[in-house]
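Novice: All chains, full assembly: derive it from the sequences and hints.
Take the sequence shown: its position 241, counted from the start at 1, is 241 in the numbering used here, and no numbers get skipped.
These are computed hints drawn from the structure, not numbers from a lab. For glycine and all other residues, C-beta sits at the position ideal for the given N, C-alpha and C. Heads up, a few of these hints could be off.
[Unchecked claim] If you anchor each label on the Cβ, the simulated ranges turn out as follows: (1) Ser-37 with Lys-221: 38 to 48 Å; (2) Asp-271 with Lys-69: 32 to 42 Å; (3) Ser-168 with Gln-324: 12 to 22 Å.
[As the list claims (entries may be wrong)] Each computed BS3-like pair below joins lysine-lysine, with the alpha-carbon atoms no more than 27 Å apart: (4) Lys-220 with Lys-167; (5) Lys-356 with Lys-370; (6) Lys-206 with Lys-167.
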Amino acid sequence: MKFMLHAIAAGVGAALIAPLATAQETVVRLGHVAPTSGGIAHLGKDNENGARLAIEELNAKGVTIGGRKIRFELLAEDDAADPKQGTAAAQKLVDSKVVGVIGHLNSGTSIPASKIYSDAGIPQISPSATNPRFTRQGYKTTFRVVADDVHLGGTLGKYAVNQVKGKSIAVIDDRTAYGQGVADEFEKGVKGAGGKIVGREFTNDKATDFTAILTSLKAKKPDVVFFGGMDAVAGPMLRQMKQLGIDAKFMGGDGICTGELPKLAAGSMGDGQVVCAEAGGVEGEAKKSMEEFNTKFKAKFNADVQIYAPYVYDAVNVMVAAMQKANSTEPAKYLPVLAATSGYKGVTGVISFDEKGDIRNGALTLFTYKGGKRDQIAVVR
Numbered sequence: 001m002k003f004m005l006h007a008i009a010a011g012v013g014a015a016l017i018a019p020l021a022t023a024q025e026t027v028v029r030l031g032h033v034a035p036t037s038g039g040i041a042h043l044g045k046d047n048e049n050g051a052r053l054a055i056e057e058l059n060a061k062g063v064t065i066g067g068r069k070i071r072f073e074l075l076a077e078d079d080a081a082d083p084k085q086g087t088a089a090a091q092k093l094v095d096s097k098v099v100g101v102i103g104h105l106n107s108g109t110s111i112p113a114s115k116i117y118s119d120a121g122i123p124q125i126s127p128s129a130t131n132p133r134f135t136r137q138g139y140k141t142t143f144r145v146v147a148d149d150v151h152l153g154g155t156l157g158k159y160a161v162n163q164v165k166g167k168s169i170a171v172i173d174d175r176t177a178y179g180q181g182v183a184d185e186f187e188k189g190v191k192g193a194g195g196k197i198v199g200r201e202f203t204n205d206k207a208t209d210f211t212a213i214l215t216s217l218k219a220k221k222p223d224v225v226f227f228g229g230m231d232a233v234a235g236p237m238l239r240q241m242k243q244l245g246i247d248a249k250f251m252g253g254d255g256i257c258t259g260e261l262p263k264l265a266a267g268s269m270g271d272g273q274v275v276c277a278e279a280g281g282v283e284g285e286a287k288k289s290m291e292e293f294n295t296k297f298k299a300k301f302n303a304d305v306q307i308y309a310p311y312v313y314d315a316v317n318v319m320v321a322a323m324q325k326a327n328s329t330e331p332a333k334y335l336p337v338l339a340a341t342s343g344y345k346g347v348t349g350v351i352s353f354d355e356k357g358d359i360r361n362g363a364l365t366l367f368t369y370k371g372g373k374r375d376q377i378a379v380v381r
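Specialist: Below is the structure:
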């Protein structure tokens, strides 16, 4: 009997303590997915670090939602840029009860994963998936903070004709949702500007030998070669173009527009030879906040920003701002507030979502490379 009284007293004590512990701090899980293994692991890690920095700062600052002190926890998954692994990672995050997901990096993984998040009612913001289909499936849970390939590919296509003065333009893509999508939009942009496509070839996102397709294109004497794909493939392609004596401008989307490209090309890039566009771009006031972010990022991770870390950072903060405004971390309650995001000032510029979940008035930044470093040409909208 005495033992039972002790047990009851201990139970009452535990019952009294548990709500206090909950009142002190509630753990809220956010998911992040990117390829942190494989050929573009450097880009995936860059994205993941952007999320880690945002969450670390939010926890240091202290966030209270619904009267509870929140501690955010990041569940980071690797999808290896593979659609099957991407859907498995998405299901794992849903099963782990995350309340929101930042990712995926690639369109080819973001698109199939988006159905899983939609079915679970969990908001997903991609910082870098640019295939138009991503936000055109009718899902209410799908958002992105960068311009899509219609804008990016089309702008590059017009630029190839009007500014680069390309007369005979060849196109290669890696057959991924991203690579093929951006190449298709580039081709439309070229034709819309009155340009001529002399050849269209394709490879895959794991390839290292392009001799056959480049030899075929060389016979057509292109003065511009556009590649829809990622830097891990573009680097070796540039090396082989040089070996084959193809003297052409090399153009591509955000997938090739990285700090790593000169290393991957191993000294085969001429100054000004490469022209690429990054979905996103900062002007005016935002330049200062982006510079501050880059400094902070370098100090924290001892690495330069590759491309999308600041967009991931903004995506995390936009999601949490919606939770704060809704006064709830429950997806069903904060999702409508997230969808109505307008005029949020991030390090990448002002973020407002349209009815599809796309960023309004998305910017593009055009770059070239000089002395092995990226050199900004212009920000266009």
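Novice: Against this structure, judge whether each hint is valid.
Specialist: Structure-based check of all given hints:
Distance hint check: the CB atoms of Ser-37 and Lys-221 are about 40 Å apart, consistent with the given range 38 to 48 Å. About 53 Å separates the C-beta atoms of Asp-271 and Lys-69, a value inconsistent with the hinted range of 32 to 42 Å. Roughly 54 Å separates the CB atoms of Ser-168 and Gln-324, a value that falls outside the hinted 12 to 22 Å. Taking the CA atoms of Lys-220 and Lys-167, the gap is about 11 Å. The hint holds against a cut of 27 Å.
With a CA separation close to 38 Å, the supplied pair Lys-356 and Lys-370 exceeds the 27 Å bound. Taking the CA atoms of Lys-206 and Lys-167, the gap is about 30 Å. The hint is violated against a cut of 27 Å.
Checked against the numbered hints above, the structure violates hints 2, 3, 5, 6; every other hint is satisfied.
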